[in-house]
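Listed below are the residues making up each chain.
2 protein chains.
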Amino acid sequence: MFRRSTSGLTVLAHSFGILSLILLLFWLLHYRGGLNLESDISERIFNVHPFMMFFGLIFLSGEGMMAYKTIAAEKPVQKFIHMLLHLIAICMGIIGIHAVLKFHNKENIEDFYSLHSWVGIATFSIFLLQWLVGFVLFMFPKASPGTRARALPWHICGGRALLYMAISSALTGLMEKATLLGDKYHSNQARTINFLGLSILLFGIFVDFSLVFARYV
Amino acid sequence: MFRRSTSGLTVLAHSFGILSLILLLFWLLHYRGGLNLESDISERIFNVHPFMMFFGLIFLSGEGMMAYKTIAAEKPVQKFIHMLLHLIAICMGIIGIHAVLKFHNKENIEDFYSLHSWVGIATFSIFLLQWLVGFVLFMFPKASPGTRARALPWHICGGRALLYMAISSALTGLMEKATLLGDKYHSNQARTINFLGLSILLFGIFVDFSLVFARYV
Chain S
1 MFRRSTSGLT
11 VLAHSFGILS
21 LILLLFWLLH
31 YRGGLNLESD
41 ISERIFNVHP
51 FMMFFGLIFL
61 SGEGMMAYKT
71 IAAEKPVQKF
81 IHMLLHLIAI
91 CMGIIGIHAV
101 LKFHNKENIE
111 DFYSLHSWVG
121 IATFSIFLLQ
131 WLVGFVLFMF
141 PKASPGTRAR
151 ALPWHICGGR
161 ALLYMAISSA
171 LTGLMEKATL
181 LGDKYHSNQA
191 RTINFLGLSI
201 LLFGIFVDFS
211 LVFARYV
Chain H
1 MFRRSTSGLT
11 VLAHSFGILS
21 LILLLFWLLH
31 YRGGLNLESD
41 ISERIFNVHP
51 FMMFFGLIFL
61 SGEGMMAYKT
71 IAAEKPVQKF
81 IHMLLHLIAI
91 CMGIIGIHAV
101 LKFHNKENIE
111 DFYSLHSWVG
121 IATFSIFLLQ
131 WLVGFVLFMF
141 PKASPGTRAR
151 ALPWHICGGR
161 ALLYMAISSA
171 LTGLMEKATL
181 LGDKYHSNQA
191 RTINFLGLSI
201 LLFGIFVDFS
211 LVFARYV
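In the order they appear, the protein sequences are chains S and H. Everything in the first sequence is counted per my numbering, starting at 1 for the first residue and increasing by one. Everything in the second sequence is counted per my numbering, starting at 1 for the first residue and increasing by one.
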């Protein structure tokens, strides 16, 4: 199903995506007690948040952006997978936001006060809008070829900006958690968080690069 | 000197750049006691850091990226301004990094342990490399037209990735400072930091958009 002739940039993107996933799971399972939305331990409820947000809105979304290049199938199939991966991302995003609000509720922490939450909620709202507009214009009911041609560069550019916004959200979230470690910031856990942040950033950069060089060069 | 026919996206980019600058100065002057590299108060030495990093590596750098579109002059003049603004950015970056190291030294804080510092130092190093390679290829001694044509998309894409990296650095830095406010996170200062972060992000997105739609649409 996957193209054999994937470029080096695409391979690098996949690699940093999978590395990020491994580092994230290692962090959450080894240092933070695991993840469980129905747990009595509120930290475990919280841990669902970073997993869902990264896996949906960064990893699946980035893979969805590359689908036209990496999935060896007809254009309509690629388009369907592109749409579907972003729809799954939205569902995971809703679960992830629910998780952090449930955690806040349990711990009596105020919602939406931090820079992380502001950037995150802006990203998620525009992501939703981008998906809806994309669906209406490119899938159903589908706009005229002229309108689609005019809208496509905005859809592509908006998608890339959203990926970088999602990465900014992730990095501010990791930064917040790491700063709250206090003295423990000089620990292996902190270094895991730092490597995770860098790996997520590199995933985004290589997704960006692999798309640009697929299209314009 | 400036083009009259700047597009709406360029105007939005300039606007969010200037808004960010105003919010940053308001934050540093009103809430953080001002900035002075030679002060006895270490906080004032620190404050030189966010100012230099934002003004150089985000604002001037973003304006430099748009120079081919906004400066009404011959191509070689635009190119010179593009190069010069990024050179000034590097100089300001060096002063900014010096400021935070001086602050750490005075306060006995370890260097380069946080995610912010890792992302920041990676960004600055690649920025320097990008400038050097750009200078050699496009200014002096200048490569052959074929090499330049092959290198240009990498230079453009790398530049955009670096802008988003610089913005990620800024946002993690702001997030770190805001988290260290502790209980004071629910204050006007915190909201100023949040608005500043969003404004910096929007500056980057509109610089990105204005360049893509200048080039490809």
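Since the hints were made in silico from the structure, they are not lab data. All residues carry an ideal CB built from backbone N, CA and C; glycine is no exception. Honestly, I wouldn't trust all of these hints.
Looking from chain S toward chain H, a few residues come up when the C-beta cut is under 8 Å (computed) [what the hints assert, rightly or not]: (1) Tyr68; (2) His116; (3) Thr179; (4) Leu181; (5) Ile193; (6) Phe213.
In silico EDC-like cross-links for lysine to aspartate or glutamate, where the CA-CA straight-line distance does not exceed 16 Å [stated by the list, open to error]: (7) Lys177/H with Glu176/S; (8) Lys177/S with Glu176/H; (9) Lys184/H with Glu176/S; (10) Lys106/S with Glu43/S.
Under 7 Å between C-beta atoms, here's a sample of chain S residues computed to sit facing chain H [what the hints assert, rightly or not]: (11) Ala67; (12) Phe103; (13) Glu107; (14) Ser168; (15) Leu171.
These are the hints, each one checked on the structure:
{"no.": "1", "hint": "Tyr68", "verdict": "violated (17 Å)"}
{"no.": "2", "hint": "His116", "verdict": "holds (6 Å)"}
{"no.": "3", "hint": "Thr179", "verdict": "holds (4 Å)"}
{"no.": "4", "hint": "Leu181", "verdict": "violated (10 Å)"}
{"no.": "5", "hint": "Ile193", "verdict": "holds (6 Å)"}
{"no.": "6", "hint": "Phe213", "verdict": "holds (7 Å)"}
{"no.": "7", "hint": "Lys177/H with Glu176/S", "verdict": "holds (9 Å)"}
{"no.": "8", "hint": "Lys177/S with Glu176/H", "verdict": "holds (9 Å)"}
{"no.": "9", "hint": "Lys184/H with Glu176/S", "verdict": "holds (15 Å)"}
{"no.": "10", "hint": "Lys106/S with Glu43/S", "verdict": "holds (10 Å)"}
{"no.": "11", "hint": "Ala67", "verdict": "violated (20 Å)"}
{"no.": "12", "hint": "Phe103", "verdict": "violated (17 Å)"}
{"no.": "13", "hint": "Glu107", "verdict": "violated (15 Å)"}
{"no.": "14", "hint": "Ser168", "verdict": "holds (5 Å)"}
{"no.": "15", "hint": "Leu171", "verdict": "holds (5 Å)"}
Comparing the model with each numbered hint stated earlier shows that hints 1, 4, 11, 12 and 13 do not hold.
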